[in-house]
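Work out the full structure, taking the sequences as your base and the hints as a guide.
Chains as they are written, first to last, in the working numbering: chain W, 1 to 306; chain H, 1 to 238.
Just so you know, the hints here were simulated from the structure itself, not pulled from any lab data.
Please note: incorrect hints may appear among the correct ones.
[As the list claims (entries may be wrong)] What follows is a list of derived Cβ distance ranges for each label pair:
(1) R194/W - V8/H: 22 to 32 Å
(2) G172/W - R55/H: 36 to 46 Å
(3) A77/W - A166/H: 51 to 61 Å
(4) L116/W - R55/H: 55 to 65 Å
(5) L116/W - K52/H: 35 to 45 Å
[Unchecked claim] Just some of the chain W residues that point at chain H, by a computed CB distance under 8 Å:
(6) T143
(7) R145
(8) G172
(9) T177
(10) D180
(11) A183
(12) A184
(13) Q186
Glycine residues also receive a C-beta, built at the ideal position from the N, C-alpha and C atoms.
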Amino acid sequence: MIADALQTLLNGLAAGAAYALLGVGFTLMFGVMRRLNLSYGATLMFGGYLGALLMAKAGDALPDGLLAVLAAIVTVAGAALAGLYVERLCFAPLRDRSGVAAMVSSFAVWMQIEALASLLLPRHTNPYPAPLDLAPLHLGALTLRAEHLLTFAVAALLAVLLHRLLSASRFGLALRTLSDSTAAAQTVGIDARRITLLAFLLASALGGVGAWLVLVADQQVTPMFGMWSTAKGLIAMMLGGLGSIPGAVIGGLLLGLVEATGQALFGPQVRELIAYGLLFVVLVARPGGIFGRATVDLDAAARERL
Amino acid sequence: MLEIADIVTAYGKIEALKGVSLSVAAGHITCLLGPNGAGKTTLMYTIAGILKPRRGSVRLNGTELVGQRADHIVSSGIALVPENRLVFPQMSVEENLAAGAYLRRDTADVATDKEKLLARFPVLKERRAQAAGTLSGGEQQMLAVARALMSRPKLLMMDEPSMGLAPLVVAEIFRIVEELNRDGITIFMVEQNAHMALKVAHKFFLMEQGKVTFAGAPGEVAQDDVIHRAYLGSMKVT
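Laid out in C-alpha cells, this is it:
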C-alpha cells in the first residue's frame, strides 16, 4: 500500500518535472511580454516532428545512440527556431500595441504549424527515437524508469542553470527588469526588443527540452502534442502564479502529482479532468496562483506606508 | 550643454510638441514649468530617446542625440528620473540600483557607487533588501533618483519629482536636488510645484500647449504671473 503510494508519487513527480519545464518556458515569455503565446505548444510540436522526421528518413541508417542524440538536438533547435519565427511574426511588430491581435495571430500560427506538421508526417502517430533502452531500476518495491531518471536529472540541472542565469547575469537582470516594469526598464537603457527576442529563444529552447523529455518517455508524437503541451504549460504557470518562475516549477510538479494520484485512484480516463479541476479550484481559491506575488499586495503595502 | 531646437513629437496625428526650442546650461538647475498636458513629459521622453521626434534636434555638448537609441543616450550621460518614479516594484532596493548601472561595465566601480549612494540615502540603506514596491512614495522617489545616479550622469532629468508627496518630503527632495547640483550635476527638471521650482532654479522655461512661451531667470520677472500661467495656462491672465 505504502509502496503503491510512493510509486504514484514518483510517477507524478517525473511527469511533473517535464510539466515544470513547459511551464517555465511559458512563464518567461509571459513575464517579458505580458502576452499569452498560444502557439507555444505548436512550436514545441514542430521540434518533436523534426525528431520524428529524422527517425522516419534516416532511422535505419544511423546507430540508435546517434539517432537519439540528433533527435534531441533537432527537437530543441526546431522549437527555438519556431519560437523565433513566432516572435518576429506575431509579437515584435505588435509591441506595445494590441495584445489581442498578437494573441490571435499566435493562434493562427498554431494552426499553420499543425498543418505543416501533418504535411511533413501525415500519419497520426509517429514514432520518436528513445535514447535509453535500459531496464527499469528496481529500488525495493519501487520501479524507476530510466526515462524518468533522465527527466529528473535534466529538469533539475536546467532549473539550477536558469536560476544562476536570472540571478547572477547581466541578461538575467535585464530580463527581470523587463518582467517587472517595461516602462522603467526603458529609462535605464534596457533594449526591450533585443531582450524580448532572447527571452523568447531561451523559453522556446527550455520548452523544447521539456517536450523532448515527454516524447522520449512516450516514444511517439501526434498532432495533438501542440495542444497538449500548451495546456500543461499553461496550467503549470497558472497554478504557480502568473510570472513567477519558482511558481511554475512548483505548479508543474503539483500538476504531475495530482494527475498521477487521480489516475491511481480513479483510472486513466479522469487524468485530464483532474488537471482542469485542479486549475479551476486554485483559480477560484487563489486567483493569483499559489505562489503569485500579486502586485496588488505590493501596491497596498506602499499605500499603507504613505 | 543641452541644446534643443524645433522639436516636434506626435502621437499619431496629434502633435504634443509643436517645435520646442530651449537650452540647458552646464552646472545649472533648469526648470520646465507648465500646466498639465503642455507636453513636458513628452519632451523628457523625447530627449531620453524613448519617443522619436518627427523633426528637430537635441544636442548634448554638440553631439546630435535624435536618432540614437535610448541606451546610447544613457551611456552618453543623460539619466531620467521618470514621472511617477517607476521603480521596479518586485525587485529589491539594491537590484533597482544595479539596474540603474545596467549599461556600465566597470563592475568594481559600480559596487563602490552603490555603497556611496546607500550612504547618501540612509532610508534606502535600511531597506536595501526590501522590495521597492513596499517603499513609501518619498522613499521610492529617492530610489528613482539614486537609480538614475548609478549611470553616472552629467545631466539628470527629473520629471515631477514632488508629485504626490507630503510637503516635508518635497522639501527633502529639493534639498537633494540642490546638493546634487553643487556636486556638479546639471539638472533639468519638470515641476508642477512652481513655488519650489522657482526657489532652486537658475533658469526656467514655461511651456504651454506644446510650445515654449516664456523663458527667464527667477527674480527677473513677476513670479506671480509665471506661477499663475504654470498652473493654469495663459488664457486666464487678464
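**OP:** Identify every previously stated hint that the structure contradicts and give their numbers, smallest first.
**Re:** When the structure is compared with the hints, numbers 4, 6, 7 and 8 turn out to be violated.
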